[in-house]
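Read top to bottom, the protein sequences are chains A and B. Okay, so the first sequence: first residue is 1 according to the working numbering, each after it adds one. Okay, so the second sequence: first residue is 1 according to the working numbering, each after it adds one.
Don't read these hints as lab results, they were simulated from the structure. Just so you know, even glycine gets a beta-carbon here, dropped at the ideal spot from N, CA and C. Accuracy of the hints is not assured; some may be wrong.
Have a look at the derived ranges for each label pair, beta carbon to beta carbon [claimed, not checked]:
hint : chain 1 : residue 1 : chain 2 : residue 2 : range
1    : A       : Ala42     : B       : Arg222    : 38 to 44 Å
2    : A       : Ala170    : B       : Ala70     : 56 to 62 Å
3    : A       : Ala177    : B       : Ala70     : 31 to 37 Å
4    : A       : Ala170    : B       : Glu199    : 54 to 60 Å
5    : B       : Gly214    : A       : Pro4      : 58 to 64 Å
6    : B       : His110    : A       : Ala45     : 35 to 41 Å
7    : B       : Ala81     : A       : Gly274    : 35 to 41 Å
8    : B       : Ile259    : A       : Thr11     : 35 to 41 Å
Here are the simulated EDC-like cross-link-like pairs (lysine to aspartate or glutamate), alpha carbons at most 20 Å apart as the crow flies [said to hold, decoys possible]:
hint : chain 1 : residue 1 : chain 2 : residue 2
9    : A       : Lys396    : A       : Asp416
10   : A       : Lys195    : B       : Asp145
11   : A       : Lys334    : A       : Glu361
12   : A       : Lys334    : A       : Glu354
13   : A       : Lys5      : B       : Glu196
14   : A       : Lys5      : B       : Asp134
15   : B       : Lys127    : B       : Glu196
16   : A       : Lys233    : B       : Glu130
17   : A       : Lys195    : A       : Glu323
18   : A       : Lys5      : B       : Asp140
19   : A       : Lys350    : A       : Glu361
20   : A       : Lys376    : A       : Asp422
21   : A       : Lys318    : A       : Asp251
22   : A       : Lys376    : A       : Asp251
23   : A       : Lys396    : A       : Glu361
24   : A       : Lys5      : B       : Asp145
25   : A       : Lys305    : A       : Asp416
26   : B       : Lys87     : B       : Glu115
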Amino acid sequence: MAGPKYPGFDTLALHAGQSPDPATGARAVPIYQTTSYVFRDAAHAASLFNMERAGHVYSRISNPTVAVLEERVAALEGGAGAIATASGQAALHLAIATLMDAGSHIVASAALYGGSHNLLGYTLKRFGIETTFVSPRNLEEFRKAIKPNTRLLFGETLGNPGLDVLDIPAVSAIAHAAGLPLLVDATFTTPYLMKPFELGADLLYHSATKFLGGHGVAIGGVLVDAGRFDWEKSGKFPQLTAPYPGFHNMDFEEESGTRAFLLRARREGLRDFGACMAPMTAFQILQGIETLHLRMPRHVESTRKIVAFLSSKSSVEKILYPEIPAHPDHALAKRLLPRGCGAVFSFDLKGGREAGRRFIESLRVFSHLANVGDAKSLVIHPASTTHYRMSDQDLKAAGIGPGTVRLSIGLEDPEDLIQDLDRALAVASKPK
Amino acid sequence: MQLQINGRSAFAYTAAHEIDPAQRTIVFVHGAGLDHSWWGLQSRYFGYHGFNVLAVDLPAHGRSEGPPLASVGEMTDWVFAWSEKLKIEKISLVGHSMGSLVALEFAARHPQLAEKIVLIGTAYPMKVSEAFLDAARRNDPSAYDMETIWGHAPQVPFSGNPNPGMWMYGDTLARLSRLAPGVLHADLAACNAYAEGFESAAKLKCPALFILGGRDMMTPPRSAQDLINRIEKSRCVQIASSGHSLMAEAPDATLDALIGFFAD
Numbered sequence: 001m002a003g004p005k006y007p008g009f010d011t012l013a014l015h016a017g018q019s020p021d022p023a024t025g026a027r028a029v030p031i032y033q034t035t036s037y038v039f040r041d042a043a044h045a046a047s048l049f050n051m052e053r054a055g056h057v058y059s060r061i062s063n064p065t066v067a068v069l070e071e072r073v074a075a076l077e078g079g080a081g082a083i084a085t086a087s088g089q090a091a092l093h094l095a096i097a098t099l100m101d102a103g104s105h106i107v108a109s110a111a112l113y114g115g116s117h118n119l120l121g122y123t124l125k126r127f128g129i130e131t132t133f134v135s136p137r138n139l140e141e142f143r144k145a146i147k148p149n150t151r152l153l154f155g156e157t158l159g160n161p162g163l164d165v166l167d168i169p170a171v172s173a174i175a176h177a178a179g180l181p182l183l184v185d186a187t188f189t190t191p192y193l194m195k196p197f198e199l200g201a202d203l204l205y206h207s208a209t210k211f212l213g214g215h216g217v218a219i220g221g222v223l224v225d226a227g228r229f230d231w232e233k234s235g236k237f238p239q240l241t242a243p244y245p246g247f248h249n250m251d252f253e254e255e256s257g258t259r260a261f262l263l264r265a266r267r268e269g270l271r272d273f274g275a276c277m278a279p280m281t282a283f284q285i286l287q288g289i290e291t292l293h294l295r296m297p298r299h300v301e302s303t304r305k306i307v308a309f310l311s312s313k314s315s316v317e318k319i320l321y322p323e324i325p326a327h328p329d330h331a332l333a334k335r336l337l338p339r340g341c342g343a344v345f346s347f348d349l350k351g352g353r354e355a356g357r358r359f360i361e362s363l364r365v366f367s368h369l370a371n372v373g374d375a376k377s378l379v380i381h382p383a384s385t386t387h388y389r390m391s392d393q394d395l396k397a398a399g400i401g402p403g404t405v406r407l408s409i410g411l412e413d414p415e416d417l418i419q420d421l422d423r424a425l426a427v428a429s430k431p432k
Numbered sequence: 001m002q003l004q005i006n007g008r009s010a011f012a013y014t015a016a017h018e019i020d021p022a023q024r025t026i027v028f029v030h031g032a033g034l035d036h037s038w039w040g041l042q043s044r045y046f047g048y049h050g051f052n053v054l055a056v057d058l059p060a061h062g063r064s065e066g067p068p069l070a071s072v073g074e075m076t077d078w079v080f081a082w083s084e085k086l087k088i089e090k091i092s093l094v095g096h097s098m099g100s101l102v103a104l105e106f107a108a109r110h111p112q113l114a115e116k117i118v119l120i121g122t123a124y125p126m127k128v129s130e131a132f133l134d135a136a137r138r139n140d141p142s143a144y145d146m147e148t149i150w151g152h153a154p155q156v157p158f159s160g161n162p163n164p165g166m167w168m169y170g171d172t173l174a175r176l177s178r179l180a181p182g183v184l185h186a187d188l189a190a191c192n193a194y195a196e197g198f199e200s201a202a203k204l205k206c207p208a209l210f211i212l213g214g215r216d217m218m219t220p221p222r223s224a225q226d227l228i229n230r231i232e233k234s235r236c237v238q239i240a241s242s243g244h245s246l247m248a249e250a251p252d253a254t255l256d257a258l259i260g261f262f263a264d
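With these hints in hand, go ahead and build the complete structure from the sequences.
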């Protein structure tokens, strides 16, 4: 007898987490634009507060529209559940704040989005959480950096901006051998290109602002838990395995097993830090997710055409895209990213900083701004924008040069994009 | 609460309360491959509303030490050991799927102890397909897929979870992925081999409540009917929209049925 089958990715992208609205029959996800929910009676109210019944109390903690997004992303990632947050940065902060206290330590890849680097390297340090940054390509550095107070290993599926491919199977094995979870930022890959949980990651998050939304109209984040890390067995997380006076003396793991992390993240993290997602934002991001499986192949296909074009230009010194055989992670990318390496990549122009400036200012279709993963093509100069707070040494460690330009390839006609780049390259390479 | 039973560590969730001899006691028994946390909302409710609650982890499940028990009879003896250790004089049992067979068998073997029983998502006989048994015997991941997909109503992937933000399939798979090899097969084989259902039903002295899911693919309501007919003091609540995982798919309706049954 043939075994049962799960719904496919494309079907889940359209349907997971939502049935037609029981009150109205609305097919689209309704925007439940409300702060709070009427209790049936006093006993019902008490039961909701004491977690004896499921439901919504206050939209900072949960909201029906936001819950559809959470469930849909969890379904696409193969997770146990998810929490939507005000931004991708809020998702990263929520994960860390749920798992550790002052005195804890993180081992992180050095190839991170500048905002994440700031949070780990400077801001959290003020609150007593230290981070050791390591090369994502040097597994031994991850292993050696683990200390008795380490509570998390962290990296990006595709590092920003050099597209270092995180060897999730190997890094997660190092983490698990030390009784630690691996958290990954999966923003650049989306669940369409990679399923980090299938490779060994325990937690992941997205800046949903990017490809999940895809339209550039909403800021949001989603934190997803695979539900498979055994906090009790690890013995390093009293936050989840000991009675917590801050929430009815609850032992989250005893109470809810696979749901322990998300339970504390929602009931404490959203309650106290409050970085929740608005229902309108959830609705907008859901509109993007409904076409994720159609957009991502087009993003990748156009990116490949543009990478091929740039490879043919003598004014381009180096292209950092893992599908190019010269990229240090080419073989790893073929193994972990068979559907493609996304639509964000960097290249170095000959002529350094000045050539970079002239190139960017000559583009007409590409928009010069600080974002990626939009349906519209985008360009930025990391050394002067997203990574400007980093020292030259840190920049070099992250693979960024003075002439590095980052592109995010959108859904326009790729021939128009190539024509735009060709014109700008010609301007950039003209003698002054 | 952690106890030693038969020389091995055994766990039961008590909703953070001590056992109070003055209160009635409900033992919750989970289904194949699962654990106490599957009763989260319902066990917590009763623990905070005047009942002693023991949501047990059967051996090799959740926080209880293995190996798994090989038959419904052994599971029943193991639950009985809890009542002896804690010197509890009257017990009600709420069992889901495999756990419902334990509840039935317990009430038949210990009529002086059993106050009420609830059988949720049950069937008799509880036959398991050879394909499912074989996959579980081989510890093949497809066994977890079968339990996950058949264990929920067909519409579950296309509808919202009453518990905000949780993906029911993923949560079930996460739980099953923590099992030691052989545990799911031991559970399924125990269900498949249980043959004392009608005999035990005839011995029942206490009231029994059946809570069944109208869209249950594992234990459809019709497969419980013969058992229901043989229990004199039985009533049945059918939750039309729910599949086999009634506590998760229809947590309020399941809880309301339990509250009504234990009100008198």
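Exercise. Is the Cα-Cα distance between Lys318/A and Asp251/A 20 Å or less?
Worked result: Violated: Lys318/A and Asp251/A sit about 53 Å apart, past 20 Å.
Exercise. Under the criterion that the straight-line Cα-Cα distance not exceed 20 Å, is the pair Lys334/A, Glu361/A satisfied?
Worked result: The hint is violated at about 35 Å.
Exercise. When you check the alpha-carbon spacing of Lys396/A and Asp416/A, does it fall within 20 Å?
Worked result: 33 Å, violated
Exercise. Does Glu354/A lie within 20 Å of Lys334/A when you go C-alpha to C-alpha?
Worked result: Violated - the C-alpha atoms of Glu354/A and Lys334/A are around 35 Å apart, more than 20 Å.
Problem set entry | Satisfaction of the hinted span 35 to 41 Å by the C-beta atoms belonging to Ile259/B and Thr11/A | Holds - the Cβ-Cβ distance for Ile259/B and Thr11/A, about 37 Å, lies within 35 to 41 Å.
Exercise. Does the structure keep Lys127/B and Glu196/B at a Cα separation of 20 Å or less?
Worked result: 13 Å, holds
For this session: Mind checking the alpha carbons of Lys5/A and Asp140/B for me, to see if they're no more than 20 Å apart?
Result: Holds: Lys5/A and Asp140/B sit about 15 Å apart, inside 20 Å.
Problem set entry | Agreement of Lys195/A and Asp145/B with the hint, judged by alpha carbon distance not exceeding 20 Å | This hinted pair holds, its Cα atoms lying about 17 Å apart.
For this session: Would you mind confirming whether the straight-line C-alpha gap from Lys305/A to Asp416/A stays at or under 20 Å?
Result: Status holds; Cα separation ~12 Å.
For this session: Check the following: the C-beta atoms of Ala42/A and Arg222/B are separated by a distance inside 38 to 44 Å.
Result: 40 Å, holds
Exercise. Given the hint that Lys195/A pairs with Glu323/A, does the C-alpha gap stay at or below 20 Å?
Worked result: With a Cα-Cα distance of about 18 Å, the restraint between Lys195/A and Glu323/A holds, given a limit of 20 Å.
For this session: Compare the distance between the alpha carbons of Lys350/A and Glu361/A with 20 Å, and conclude whether the hinted pair is satisfied.
Result: This hinted pair holds, its Cα atoms lying about 16 Å apart.
Hint compliance for this structure: hints 2, 5, 7, 9, 11, 12, 13, 16, 21, 22, 23 are not met, and every other hint is.
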